[in-house]
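There are 2 protein chains.
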Amino acid sequence: MKKEYLFTPGPTPIPTEALLSMARPIDYHRSPESANVIKEVAENLKHVFQTQNDVLILTSSGTGAMEGAVANLLSPSDKVLVIRSGKFGERWGEICVAYGVEFVSIDIEPGLSVEPQAVADILKSNPDIKAVFSTLCETSTGALHDIEALGQITRDTPTLLVVDAVSALGADDLQMDNWHVDVVVSCSQKGLMTPPGLGFASLSERAWEAVEKSTLPKYYFDFQKARSELAKGSTPYTPAITFIIALQQSLRLICDEGIRNVLSRHARLAEATRAAVKALGLQLFAAHPANTLTSIRFPGGLDSKAFVNNMRKQHGITYAGGQEELSGKIIRIAHLGWMNEYDVMVAISALEMGLAEAGYNVKLGAGVTAAEQIFTTLG
Amino acid sequence: MKKEYLFTPGPTPIPTEALLSMARPIDYHRSPESANVIKEVAENLKHVFQTQNDVLILTSSGTGAMEGAVANLLSPSDKVLVIRSGKFGERWGEICVAYGVEFVSIDIEPGLSVEPQAVADILKSNPDIKAVFSTLCETSTGALHDIEALGQITRDTPTLLVVDAVSALGADDLQMDNWHVDVVVSCSQKGLMTPPGLGFASLSERAWEAVEKSTLPKYYFDFQKARSELAKGSTPYTPAITFIIALQQSLRLICDEGIRNVLSRHARLAEATRAAVKALGLQLFAAHPANTLTSIRFPGGLDSKAFVNNMRKQHGITYAGGQEELSGKIIRIAHLGWMNEYDVMVAISALEMGLAEAGYNVKLGAGVTAAEQIFTTLG
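These protein sequences, in sequence, are chains C and W.
Just so you know, the first sequence maps onto residues 189 to 567 in the working numbering.
Just so you know, the second sequence maps onto residues 189 to 567 in the working numbering.
Because the hints were derived from the structure by calculation, they are not lab data.
Only a predicted model underlies this, so the values are computations on that prediction, with no experimental measurement involved.
A hint or two may mislead.
Repeated chains share a single entry, so a pair holds when one copy, or any two copies, can fit it.
Stated by the list, open to error - With a straight-line Cα cutoff of 20 angstroms, these simulated EDC-like cross-link-like pairs (lysine to aspartate or glutamate) come out:
1. Lys267 with Asp295
2. Lys551 with Glu400
3. Lys312 with Glu228
4. Lys420 with Asp242
5. Lys493 with Glu221
6. Lys190 with Asp344
7. Lys191 with Glu221
8. Lys420 with Glu228
9. Lys401 with Asp295
10. Lys413 with Glu512
11. Lys401 with Glu513
12. Lys501 with Glu221
13. Lys551 with Asp295
14. Lys466 with Asp444
15. Lys413 with Glu282
16. Lys190 with Asp215
17. Lys420 with Glu512
18. Lys466 with Glu397
19. Lys493 with Glu192
20. Lys234 with Glu336
Work the whole structure out from these sequences, hints included.
Structure below.
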């Protein structure tokens with residue numbers, strides 16, 4: 189009787205209502221009923237994005253929405269700034285290369301976050317930079333970037349601020365309108381508690397002005413077509429209506445709780461997790477950790493990859509390991525989406541027992557005790 | 189107690205096993221178990237595509253796979269031939285325009301199919317044409333193109349044959365390898381009996397050679413990356429693993445029946461539907477109708493759009509109407525995917541009673557009788 193627990197930063201556990209909605213017989217995506225679902229989802233997404241702008245619904249992973257942002261905003265001769273502090277910041281650069289967009293980059297050691305002043309300096313000496321591409325939470329390291337500060341820098345310049353909130357939307361605060369963010373892209377399988385397969389993009393008015401001038405090729409990810417269809421509760425091409433129906437269920441849960449409360453819940457879960465990690469004598473990997481997931485530098489001598497594989501196989505606990513050059517060196521525990529205090533307790537107690545089993549000198553109970561102290565103090 | 193019946197050419201009804209598989213708690217898409225699912229699905233797709241080539245799995249609608257074919261095969265200066273006989277043939281041309289690819293077109297009256305000799309003539313006078321873009325079944329009209337004949341024309345030339353089998357895969361025969369088709373694209377929500385959200389592309393060896401030379405921009409739809417990840421049971425970006433798991437179930441049903449038997453079943457269902465339409469005194473819209481769906485020219489004085497809306501609202505029967513310039517003029521009845529003789533009986537008897545209700549002078553029972561005669565003769 190092995191039970192399965194999922195602590196990866198996407199996909200995240202899906203609420204029962206959303207799971208069951210996908211087992212209903214499928215309906216035609218162009219029916220009036222489907223149009224109403226699309227309209228409700230689009231409206232509730234605005235609440236999560238904290239924006240009055242339209243939120244476009246794409247059938248793709250978050251990467252498709254990222255590519256859409258590049259292809260819809262830019263033209264071949266444009267120059268941009270890419271903030272790279274891990275795999276997902278690097279992805280912005282790779283997309284620029286694929287489209288022949290010139291870019292300068294700020295390259296940050298994995299685990300660290302960008303210094304806003306560095307962005308301000310580069311924009312000052314490169315006034316021709318059309319857009320700054322950043323992540324909110326660099327999922328590969330668990331580091332949070334200060335998007336509010338970046339918005340303060342770009343808001344009074346012609347430079348657009350484009351943010352990959354693929355993993356962190358609904359977990360770390362991102363006030364699109366208040367913070368003057370021009371483009372936010374995200375996806376379904378993280379804070380939105382829906383399977384992977386939907387990408388989202390929201391654009392400010394000045395971002396839409398850039399779209400009108402863009403000449404890079406696009407068809408499937410054409411944002412203008414997506415926007416005009418969305419107004420009718422439709423999409424340019426057949427959408428993953430099954431996931432939109434599941435998302436309708438998950439978004440109702442988020443909207444009932446309220447996005448500010450959802451963010452506070454994630455902050456508490458993250459704080460308790462970090463306290464537990466420290467109480468176990470382990471080190472956080474990120475200097476400015478996100479509330480989306482906690483990355484832990486793995487104690488010397490232990491291979492995090494083998495640990496992650498073993499925890500899944502033996503105990504039904506799925507954490508994420510490190511990616512690429514961080515493989516074997518960190519583990520990542522998400523507290524993201526359909527998660528509460530008891531999920532954190534499972535994640536931490538499994539970590540304690542797993543480390544003990546792996547021969548690491550861990551004080552059993554220290555982590556869960558620290559987490560409980562946070563929950564009872566703040567609760 | 190209104191029951192719902194879906195006769196649209198996508199999405200199509202989903203087998204219960206596939207529906208229920210989506211209600212299971214989600215798993216990590218990078219687990220060994222998920223890799224095994226992806227490998228099984230990729231292998232079974234080859235059976236449906238009737239090919240030894242890899243079948244790439246993309247998270248997108250079929251249009252994304254179409255765009256991928258253009259972006260991966262071609263370069264900006266290339267010239268291609270596009271066969272246009274309706275909305276979906278036109279889509280190939282629109283994608284070429286978006287990417288700055290030059291094209292000549294064969295434009296065919298809606299309802300008709302391409303004359304292979306016309307293609308041969310154009311290729312003879314335009315030896316620089318890199319690829320011919322066709323549909324198998326033009327879903328907007330129900331017309332079938334003779335892909336086998338086109339393959340005979342292109343196989344001994346340097347020109348690639350690219351086929352949109354988005355709606356017809358698994359319903360109308362398409363022997364990718366035997367017929368020398370270079371690229372086949374399709375999607376999940378038609379003959380594959382899975383929700384919309386997965387696109388597929390399969391490429392011949394000489395198509396892969398063209399991919400190596402292509403310089404059009406691509407990232408999310410990069411076929412080379414998709415191919416190298418597929419070998420590991422993986423994908424370049426997070427896949428819609430929920431749909432891949434559902435597809436695993438649907439593909440097992442197809443492989444158990446065998447693709448040749450699946451195609452024969454569709455041929456029977458289509459023949460019975462056409463016989464019923466004729467027995468009711470109605471006209472088929474397509475001169476060479478596909479086995480995927482049957483398009484019916486709507487009798488004078490009746491608006492097919494109002495009829496379709498009313499049948500859904502009053503009787504729970506969802507047909508498809510005509511698209512764009514065919515709106516109001518035709519109805520389309522799919523016999524596609526998880527369908528048998530009794531589904532055809534429902535579709536036809538609802539049509540008979542609906543027409544009578546709409547004031548059309550229909551001989552009640554004539555259509556279902558003709559269909560039964562086909563089923564008992566051929567059964």
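Using 20 angstroms as the alpha carbon limit, work out where Lys190 and Asp215 are close: within a copy, between copies, both or neither.
between (35 angstroms within a copy, 14 angstroms between copies)
Between the shortest in-copy and the shortest cross-copy C-alpha distance, which are at most 20 angstroms for Lys234 and Glu336: within, between, both, or neither?
within (18 angstroms within a copy, 49 angstroms between copies)
When Cα atoms must be at most 20 angstroms apart, do Lys267 and Asp295 count as within-copy, between-copy, both, or neither?
within (17 angstroms within a copy, 41 angstroms between copies)
With identical chains, the pair Lys413 and Glu512 could be close in the same copy or across copies; at 20 angstroms between alpha carbons, which is it: within, between, both, or neither?
Between copies only: 16 angstroms across chains, 37 angstroms inside a chain, cut-off 20 angstroms.
One pair to classify: Lys191 and Glu221, alpha carbons no more than 20 angstroms apart. Within, between, both, or neither?
Between copies only: 15 angstroms across, 37 angstroms inside.
Between Lys420 and Glu228, at a C-alpha cutoff of 20 angstroms, which is it: within one copy, between copies, both, or neither?
within (12 angstroms within a copy, 39 angstroms between copies)
As a check of your reading, is Lys401 near Asp295 (CA-CA no more than 20 angstroms) within one copy, between copies, both or neither?
The answer is neither: 29 angstroms in one copy and 32 angstroms across copies each exceed 20 angstroms.
Same-copy or cross-copy closeness of Lys493 to Glu192 [CA-CA at most 20 angstroms]
Within. Shortest intra-copy distance 19 angstroms satisfies the 20 angstroms Cα cut-off; inter-copy 49 angstroms does not.
With 20 angstroms as the alpha-carbon cut-off, assign the pair Lys190 and Asp344 to within, between, both or neither.
Neither, since 56 angstroms and 58 angstroms both go past 20 angstroms.
Within, between, both or neither: how does the pair Lys312, Glu228 come out at a Cα-Cα threshold of 20 angstroms?
The answer is neither: 42 angstroms in one copy and 54 angstroms across copies each exceed 20 angstroms.
Check Lys466 against Glu397 for me: Cα-Cα at most 20 angstroms, and say if that holds within a copy, between copies, both or neither.
neither (47 angstroms within a copy, 54 angstroms between copies)
For Lys466 and Asp444, with the copy left unspecified, which applies at a CA distance of at most 20 angstroms: within, between, both, or neither?
neither (34 angstroms within a copy, 54 angstroms between copies)
In summary, the structure is inconsistent with hints 2, 3, 6, 9, 11, 13, 14, 18 from the numbered list given earlier, while agreeing with the others.
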